[in-house]
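Residue numbers (this note's numbering), protein chains in the order written: chain R, 1 to 139; chain B, 1 to 108.
No lab work stands behind these hints: they were computed from the structure.
By construction, the Cβ of each residue, glycine as well, lies at the ideal position given by its N, Cα and C atoms.
Do not rely on the hints blindly, as some may be mistaken.
To be verified - Sample of chain R residues lacking proximity to chain B, with all beta carbon distances greater than 10 angstroms (derived): (1) Val21; (2) Arg69; (3) Glu93; (4) Ala125.
Said to hold, decoys possible - Mimicking DSSO-like on lysine-lysine, the simulated pairs with C-alpha atoms at most 27 angstroms apart in a straight line are: (5) B:Lys106 <-> R:Lys104; (6) B:Lys106 <-> R:Lys2; (7) R:Lys17 <-> B:Lys106; (8) R:Lys2 <-> B:Lys89; (9) R:Lys32 <-> R:Lys17; (10) B:Lys89 <-> R:Lys32; (11) R:Lys11 <-> B:Lys106; (12) B:Lys66 <-> R:Lys2.
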Amino acid sequence: MKEIMAIVRMKRTGATKKALVETGVAGFTAVKVLGRGRLITDPTVIEDCRQKLLSMGVDDFSDTDETERQVTAFLDGSRFFPRRLFTVLAHDEDVPRIVEAITKANHTDHGIGDGTIFILPVTDAVRVRTGETGEAAIW
Amino acid sequence: MLLIRAIVRPEKKDEVLANLSGAGFNAATMVDVVGRGKQKGIKIGGMVYDEIPKVLILMVVPDEDKDKVIKIVLETGRTGANGTFGDGKIFVSPVEEVYTISRNTKGL
Numbered sequence: 001m002k003e004i005m006a007i008v009r010m011k012r013t014g015a016t017k018k019a020l021v022e023t024g025v026a027g028f029t030a031v032k033v034l035g036r037g038r039l040i041t042d043p044t045v046i047e048d049c050r051q052k053l054l055s056m057g058v059d060d061f062s063d064t065d066e067t068e069r070q071v072t073a074f075l076d077g078s079r080f081f082p083r084r085l086f087t088v089l090a091h092d093e094d095v096p097r098i099v100e101a102i103t104k105a106n107h108t109d110h111g112i113g114d115g116t117i118f119i120l121p122v123t124d125a126v127r128v129r130t131g132e133t134g135e136a137a138i139w
Numbered sequence: 001m002l003l004i005r006a007i008v009r010p011e012k013k014d015e016v017l018a019n020l021s022g023a024g025f026n027a028a029t030m031v032d033v034v035g036r037g038k039q040k041g042i043k044i045g046g047m048v049y050d051e052i053p054k055v056l057i058l059m060v061v062p063d064e065d066k067d068k069v070i071k072i073v074l075e076t077g078r079t080g081a082n083g084t085f086g087d088g089k090i091f092v093s094p095v096e097e098v099y100t101i102s103r104n105t106k107g108l
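Just need the whole structure built from these sequences, with the hints factored in.
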């Protein structure tokens, strides 16, 4: 018995739900969360995008330092962005299939920010309606 | 890999996350939660508040970094000299596998 925790883009919630149904796993729990990932330590990677955003953001009314700080935080990974946390309970043998389906539904060409999947062991589960425990309680 | 779930005060959230990021643990997920502890909530006059707002921080780190992360959360999450009721808890659970979707690889 395994718990699959997948953090995905908000926009991909629908695609993830569809992928789960197609894999035969209809049950899941989803929560709105805020998340961030790896920090970009090399400033040259984000420099082009930063200049582009700064040229759009700087005007006569707003504070230049504040704009610069916000644009940098937006790009270098220190800001939190909204994400959806899916929790799926699965039998051991179904885990690779589910991981593949979630990966396929969420992979984009941005190269960053697509989310992470964690697999945790679960010792027991109980279905409240019938009182079944263990593997029978999952689906 | 270990999953560290830290429940901290909402007003301490920014400080804890900034310190974690400064120590090289930038990746984190946070959720606003409500909960109560051993003290059965807070009693003010005749009214009992047992849904106290907290922030749940989720982090997955390699086994050897566990102590560092816990130390940072314990030191920054605490209020007052000796800590106060309601400063929160840290739970650690094992994680068997991790996949990163954007690079389509196994591991953090």
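Taking 27 angstroms as the top limit, are the C-alpha atoms of lysine 66 of chain B and lysine 2 of chain R close enough?
22 angstroms, holds
Please verify that the nearest CB of chain B lies beyond 10 angstroms from arginine 69 of chain R's CB.
The claim stands: arginine 69 of chain R keeps its Cβ more than 10 angstroms from every Cβ of chain B (closest is about 14 angstroms).
Pair hint lysine 2 of chain R and lysine 89 of chain B, alpha-carbon separation not exceeding 27 angstroms
Holds - the C-alpha atoms of lysine 89 of chain B and lysine 2 of chain R are around 24 angstroms apart, at most 27 angstroms.
Closest CB-CB distance from glutamate 93 of chain R to chain B, is it above 10 angstroms?
14 angstroms, holds
Next pair to validate is lysine 89 of chain B with lysine 32 of chain R; report whether the Cα-Cα distance is within 27 angstroms.
22 angstroms, holds
Do the alpha carbons of lysine 106 of chain B and lysine 104 of chain R lie within 27 angstroms of each other, as the hint requires?
14 angstroms, holds
Between lysine 32 of chain R and lysine 17 of chain R, does the CA-CA distance stay at or below 27 angstroms?
Holds, at roughly 14 angstroms.
Straight-line alpha-carbon gap lysine 106 of chain B to lysine 2 of chain R, limit 27 angstroms
17 angstroms, holds
Checking the smallest CB distance to chain B, is alanine 125 of chain R really beyond 10 angstroms?
15 angstroms, holds
Report holds if the minimum CB distance from valine 21 of chain R to chain B is greater than 10 angstroms, and violated otherwise.
19 angstroms, holds
Distance restraint between lysine 11 of chain R and lysine 106 of chain B, which requires alpha-carbon spacing of 27 angstroms or less:
Distance ~23 angstroms between lysine 11 of chain R and lysine 106 of chain B Cα, so the pair holds.
Against the 27 angstroms threshold, does the CA-CA distance of lysine 17 of chain R and lysine 106 of chain B hold or violate the hint?
Since the Cα atoms of lysine 17 of chain R and lysine 106 of chain B sit roughly 22 angstroms apart, the hinted pair holds (cutoff 27 angstroms).
The structure agrees with every numbered hint stated previously.
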